[in-house]
Amino acid sequence: MGRIAAVFKADESESESRYSISEWWLEPKPSWYLVAIEDKMIPPPAQRFMAERAGSTVVEVAGSHAIYVSQPDAVAKLIKTAAEGVTEKAGS
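Just so you know, we're using my numbering here: the sequence shown kicks off at 2 and counts up by one.
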């Protein structure tokens, strides 16, 4: 029994625990991060660090912490780009 199954299935009988628990979330997933370079809540260097640590594709835009309000077109463009990127990978 793997470490995840050991935690989540510890109280199950042998017959109940025959199905598997995958660790799909441990596999790399594509991600994108929109750095709001005028953000006063989360400093841009911290945003870049988090995005880099997550392996995200980074886009930087002049805007505040509420980037979805101040730059809705940039947010929509990033969402569209991310969706197209995921769709392309899924189709290959």
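Calculated from the structure, these hints are not laboratory results.
Heads up, some of the hints might be wrong.
[Stated by the list, open to error] Between beta-carbon pairs, the in silico distance windows are:
#, residue 1, residue 2, range
1, H66, V87, 21 to 29 Å
2, V8, T82, 19 to 27 Å
3, A55, E85, 44 to 52 Å
4, S14, S71, 53 to 61 Å
5, S16, T88, 58 to 66 Å
[As the list claims (entries may be wrong)] Only pairs whose alpha carbons sit at most 35 Å apart, straight line, appear in this in silico DSBU-like list of lysine-lysine:
#, residue 1, residue 2
6, K30, K78
7, K41, K10
8, K78, K41
9, K41, K81
10, K30, K41
11, K10, K78
Predicted model only: the values in this text are computed from it and were never measured.
Just so you know, even glycine gets a beta-carbon here, dropped at the ideal spot from N, CA and C.
Enumerate the violated hints, using their earlier numbering and listing them in ascending order.
When the structure is compared with the hints, numbers 2, 3, 5, 7, 11 turn out to be violated.
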